[in-house]
Each structure stands twice: as structure tokens, then as C-alpha cells.
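Undergrad: Since the structure of chain A is already known, use the hints to place chain B on it.
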Amino acid sequence: MRVLFKTDYNQDIKFAKHGGYTFWYGLLLAAVFIAPFALDTYWINELTRVLIYALAGLGLMVVTGFTGQVSLGHAAFMAIGAYSHAFLLSQGVPFLFSLPIAALTSGVVGLMIAIPASRMTGLYLTIASLAFAIVVEDVIIHWESVTGGNRGMLVDTPILFGYEIFEAWEYYYIVLVLLIMSITLVLNILRSPLGRSMLAVRDSEISAESLGIRVARTKVLAFLISASLTGLAGGLFAHFIQFLSPETFGIILSIQLLLMVVVGGLGTVHGAVYGAILIGFLEASISILKDVLPPAIGNQPGLEPGLFGLILVLFIIFEPEGVYGRWLKFRTFLENFPFYRRNTFKRQRSYLKTERMR
Amino acid sequence: MSFFEIENLSLSFGGVKAVDDVSFAMNEGEVFTIVGPNGAGKSTVFNMISSFYTPDGGQIRFKGEDITEVRADQIARIGIARTFQNIELFEHSTVLQNLLIGREIHSRVPVLRQLIFDPGVRRAELVHRAQVEDVIDFLELAHYRDERIANLPYGVRKKIELGRALCVEPKLLLLDEPASGLNPEETEEMGFWIDDIKNDLGISVLMIEHDMSLVNEVSDRVLALNNGRVIAEGSAQEVQNHPDVVAAYLGGAA
Numbered sequence: 001m002r003v004l005f006k007t008d009y010n011q012d013i014k015f016a017k018h019g020g021y022t023f024w025y026g027l028l029l030a031a032v033f034i035a036p037f038a039l040d041t042y043w044i045n046e047l048t049r050v051l052i053y054a055l056a057g058l059g060l061m062v063v064t065g066f067t068g069q070v071s072l073g074h075a076a077f078m079a080i081g082a083y084s085h086a087f088l089l090s091q092g093v094p095f096l097f098s099l100p101i102a103a104l105t106s107g108v109v110g111l112m113i114a115i116p117a118s119r120m121t122g123l124y125l126t127i128a129s130l131a132f133a134i135v136v137e138d139v140i141i142h143w144e145s146v147t148g149g150n151r152g153m154l155v156d157t158p159i160l161f162g163y164e165i166f167e168a169w170e171y172y173y174i175v176l177v178l179l180i181m182s183i184t185l186v187l188n189i190l191r192s193p194l195g196r197s198m199l200a201v202r203d204s205e206i207s208a209e210s211l212g213i214r215v216a217r218t219k220v221l222a223f224l225i226s227a228s229l230t231g232l233a234g235g236l237f238a239h240f241i242q243f244l245s246p247e248t249f250g251i252i253l254s255i256q257l258l259l260m261v262v263v264g265g266l267g268t269v270h271g272a273v274y275g276a277i278l279i280g281f282l283e284a285s286i287s288i289l290k291d292v293l294p295p296a297i298g299n300q301p302g303l304e305p306g307l308f309g310l311i312l313v314l315f316i317i318f319e320p321e322g323v324y325g326r327w328l329k330f331r332t333f334l335e336n337f338p339f340y341r342r343n344t345f346k347r348q349r350s351y352l353k354t355e356r357m358r
Numbered sequence: 359m360s361f362f363e364i365e366n367l368s369l370s371f372g373g374v375k376a377v378d379d380v381s382f383a384m385n386e387g388e389v390f391t392i393v394g395p396n397g398a399g400k401s402t403v404f405n406m407i408s409s410f411y412t413p414d415g416g417q418i419r420f421k422g423e424d425i426t427e428v429r430a431d432q433i434a435r436i437g438i439a440r441t442f443q444n445i446e447l448f449e450h451s452t453v454l455q456n457l458l459i460g461r462e463i464h465s466r467v468p469v470l471r472q473l474i475f476d477p478g479v480r481r482a483e484l485v486h487r488a489q490v491e492d493v494i495d496f497l498e499l500a501h502y503r504d505e506r507i508a509n510l511p512y513g514v515r516k517k518i519e520l521g522r523a524l525c526v527e528p529k530l531l532l533l534d535e536p537a538s539g540l541n542p543e544e545t546e547e548m549g550f551w552i553d554d555i556k557n558d559l560g561i562s563v564l565m566i567e568h569d570m571s572l573v574n575e576v577s578d579r580v581l582a583l584n585n586g587r588v589i590a591e592g593s594a595q596e597v598q599n600h601p602d603v604v605a606a607y608l609g610g611a612a
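In order, the protein sequences belong to chains A and B.
Here the first sequence is numbered in my numbering, starting from 1 and rising by one per residue.
Here the second sequence is numbered in my numbering, starting from 359 and rising by one per residue.
Mixed in with the good hints there might be a few duds.
If you only want the chain A side, here are some residues facing chain B, beta carbon under 10 Å, derived [stated by the list, open to error]:
hint	residue
1	Glu167
2	Asn188
3	Arg196
4	Leu199
5	Ser204
6	Leu211
7	Gly267
8	His270
Derived list of chain A stretches under chain B, where covered just means 3 residues or more per stretch with a C-beta under 8 Å from a C-beta of chain B [claimed, not checked]:
hint	stretch
9	7-14
10	212-219
If you are wondering where the hints come from, they were derived from the structure by calculation, not from laboratory data.
Quick caveat: nothing in here was measured; it's all calculated off a predicted structure.
Backbone N, C-alpha and C define an ideal beta-carbon position, used for all residues, glycine too.
Excised from the complex, chain A in its bound form (with noise of 0.2 Å):
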């Protein structure tokens, strides 16, 4: 078991708390960064796919994990993302500023749904976004002008410095350094003053309030993070698949960024990326399965959606923290061995919340 001995105040803001950090950390950096030279364009497109979901489960994290607000609406900030870049590059706008002006949009429209929806608490919330995401899917199939409708948009081959960008290892460096960068964001607000009042926001708004936290203003901003991140997703996503349709941006898809952020840890950058490694597994997987199964089975329409859901409510049953909680004991379980108690998470006593005002 290690103990840290704090001599410095900085020890609790810097991101790598330990050798181990700086260690283990490293190893995953240089894997990733060798990893197209390992491997072929098919799962360099594969590792390409759960980057891109990674990011889009990191803005759903912000709303959902940090502040409390569940989101069954984020593919239709992915969509926004996803036409508005690919409409900006058919219009000759460079791949390096469309891309941040998508993002952007996709984050001016969350902050105009959050003002209304930081009204909203817990299923009403939830049911305002999901309603949200059908009112986008419908205005995607009817703006024809902008997103070819039904037809689809096919969507340009990005060029980055005049040099046009085909191969997937090309790409996947690009998905890559933005996910870094976004994550390090994630990271900085987690460790500033935004970030706590998110986390204030999410386990009691009454005390939050009552220590000059200003509720509503946290939503929004939190808002306008998630829908820029998840926009950003949406148009790094617009490539990878390079044709857009309106139905790649359905509610399935809300509920698998959902099922990311719930599988993976809520609360935490890492769910998100384990969640998007789960999924993007997930999702070969079922394939495979539709292959072995008898067709009766496997052709239904309602599988994916099916085993989902299913998933989902398996882990909200029992295991609440997502893989990475699940991780954390097992880890705490090798430090302490032989001397781990079954019950160390179990809360020692659960106290009634009575008289809540909201």
C-alpha cells in the first residue's frame, strides 16, 4: 500500500499524485501514440471509433457525471456538431476553423437549451432532452438546404496545411491530440472552482446555494462544455463516417453515450474512456453474435437496443460506480491484501434525507 507524505500544496493539484502516475500514465501515452505502427487500417479505424466516442462520453460526463444532469438528448449535440462542420467545409471554410466553430455552435445551442432546462430537475430533465434530440432529428431531415435531408450529406476529406488527409493512421493522430487536449480541460476544471461547484450541484443544490454557488449559471456552463465537447465528437465523427445521414444520430445513440458514461464510472474522466472502450467493444461484439446466432434472433430489429438497455440496468443494479469504481475496489482490494474487508465501501450507516426542499 503506498502512503503519500504531502509536503506541498501543490501535491494535491497537479495531475500525476505519484510515480505510479507519471509511470503507468506514461506507458498508456507511448502505447497509443505507437499503436498505428502495430497495427492494420482496420482496427486503426476501430481504435479511431472508441477515441471519437470517448470524447463524446467526456462531454456527456461534464452534464451528466459532474453536475448531475442526466442527458438522453447528447447525440443530437454530436449531430449539430457533426452537419455544421460538414456544411462549413462545403463551403470552402478551412478543416482547421470549422471544426472549432461546429464545436461552438454545437455549445451556443446547449447553452441556449440549458437556460430553460436548468429549471428542470432528475426525469423531467431527462425527457426535455430526449425531446430535444427528436426536435434536431426532425430539423436535420427537413432543412434540406443545409443537410440534404433524408438523401444525406456526404462530407469532405478533411485538409489540414493543404495536405489532405486519407489514411486512417493520418486521422487517428488527429482524433487523438484533440481527446488529449479535451481531456486535460476536463481535468482543469475538475481541479478549479467550476469544477466543484459541478460536483456541489450534483450531491445537494440547497447547501450549493446556500454557500453562494450560483445553481442555475453551473448548469448552463456546464451545458456549454459538455454540448462544445460532444459537438466536437460530432464533427470528428462526420469523417470517420463520411456520409451523414439523419437516422446515424438517433436516439440509440443518446443511449449508448449514456450507457458510455453509466458502464464506464459516472463521475470520473476515466468512465469515459473505459465506457467508449466497452462500447466500441460492445458493438463488434453484437456483430459477431448476429452471426451466430439463428437468424430468427439475430435479424430482429430491437437486438442492439435490447442488450443495451439490458446492460444498462444490470450495472445500475450492481455495480452503480461503473467499471472503473469496480476497478478502484479491486484495486484497493490487491494493496490491502490479505487484509481487505468485504464491507470497506459499504457506508457505514445510510442516513435518512428528510425534509429536502427540492
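TA: Leaving out everything else, chain B in the frame of chain A:
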């Protein structure tokens, strides 16, 4: 002009007059206690001070200024912090993070700079850390600094909630039943903290409490409420021996 003053405060929920024409005034540097049976309207008074409820009538004045209409998230900025009867901590965060959240009103770095976390943000964070560390020393919480709230026992949580309110650096501290759920030793300890808060930190304390040993020990003045009305005011002894108070608690002809 009194330091903190409540005048003719009233609030009804439907047909029930929860608080009915309550007035009192407290001086700076005082520990002022409100006692009364369950449902007397004590917590409702607190929630009106915190602006969680809007009174039907009356005024709340802090240092001569009317704060009745001030928004709930501005109350802390004026210099009033509070604790809750049923501990409202941020359960999934560590003790340190909880206390740092108490510094919210003192952080003024723009959001964009927080995203980048430039050296200025770091410097501000270090200052907050130092301030929080003072509170940790004061309440002897060092042992629990990095624990998550969910893993801590009740008595410690009470202390952390008090600490979080102190991180606000208030002028007036509202304590809603600081000793509820504490054992006799912890209650006695809570009494010492309240004394220290008054004498060493110079913070005035407005408190709701049922535990008479604590009330006797720390209160400068006591106010008794029953059914939303003031029935007695004075020293702890005077209030306890007041016939209306005895009747309110024990029943009988009053």
C-alpha cells in the same frame, strides 16, 4: 441598529401559520439560540433567512440592510453561512473538496482561465488551500482530509459541515441543531467549538438547538418559539423557567 434583526416575520403553508409575527434582534459577537418543540417554526425561520422561503410578511435586516429579498445564492456573499439539520454535505467528494467548495464566494478567476488553469489560477488555488488548512487545524480534521464523506461517521460529518460554513468566512453563522445525533462527549466538544468560533474568530452565532446542556453552556440569549410564535426571550435560565415554555414542552394549562 442591531447587528441582525428580524421584524414581524410571518409565513404560512396553506392554512398553517408556520411562523407568525416573529421578531427578535441579536448583537454582534453574541450566541443567540432559538429553542422550541418540533414544528415550532425554528427551521422555517432559518430557511427564510437563507432565502429558500420567501416570507409572507415582515423583514430580515443584517447590519441595517434589508435582506429579505436577496437571492439565496447571494446570502453567503453578504456574510451569512449556515449548516443544516440533516447534514447536507457533498457526499461523493472528499473532506478537502467539501471545504474548498465553501471558498466559492472568494474565488474570482474567470471561467476561461480556469479551463486553461494558468499560473494565476494555481496561485489562487494555493491561497484557498491555505485558508482551508486553517479551518482543518481549527476543527482538528487533519485525519480525515482525504476521506470521502460517504465513508465518515455522523459526528465527523457534523464537524465538517461546520468547517465548510467557516470556510465562507461569515460574519454570522446559522447552526441548525449542531448537536442533534451527537453523543454527550461530541456535544460537549461542539460547545467548545462554538465558544471558540465566537471568541477567537469573532463570528456571531444564531443557533437552533434542543440539547439544553449545550444551550446553557454557550448561549448568551435564548428565544423560545411555539406554534410559530415567540413565547419567551431572555437568558437560558429565564427561558427554561418561563411558565409558557414549560407548558409548551410538557403540556398543561397555559
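Undergrad: How about A/Arg196: closest beta carbon in chain B under 10 Å, or not?
TA: Interface hint status for A/Arg196: holds (5 Å vs cutoff 10 Å).
Undergrad: Is the interface hint for A/Asn188 satisfied, with its Cβ closer than 10 Å to some Cβ of chain B?
TA: holds, 4 Å
Undergrad: Does the stretch 7-14 of chain A contain three or more residues whose Cβ lies closer than 8 Å to a Cβ of chain B?
TA: Since three or more residues must qualify, the claim that chain B covers the stretch 7-14 of chain A holds, with 4 doing so at under 8 Å.
Undergrad: With 10 Å as the cut and Cβ atoms as the points, is A/Glu167 at the interface with chain B?
TA: violated, 32 Å
Undergrad: Closer than 8 Å Cβ to Cβ for three or more residues is the test here. Does the stretch 212-219 of chain A pass it with chain B?
TA: holds (count 4)
Undergrad: May I ask you to test the interface hint for A/Leu211 with respect to chain B, counting a Cβ-Cβ separation under 10 Å as satisfied?
TA: Interface hint status for A/Leu211: holds (5 Å vs cutoff 10 Å).
Undergrad: Just to be careful: measuring from the Cβ of A/Gly267 to every Cβ in chain B, is the smallest value less than 10 Å?
TA: holds, 6 Å
Undergrad: Taking 10 Å as the limit, does the beta-carbon of A/Leu199 come near enough to a beta-carbon in chain B?
TA: At 5 Å from the nearest chain B Cβ, A/Leu199 passes the 10 Å test, so the hint holds.
Undergrad: Is the interface hint satisfied for A/His270? The criterion is a beta-carbon contact with chain B at less than 10 Å.
TA: Violated, about 15 Å.
Undergrad: Going by Cβ atoms only, is A/Ser204 closer than 10 Å to chain B?
TA: With Cβ-Cβ at 5 Å, under 10 Å, it holds.
The structure shown violates the earlier hints numbered 1 and 8.
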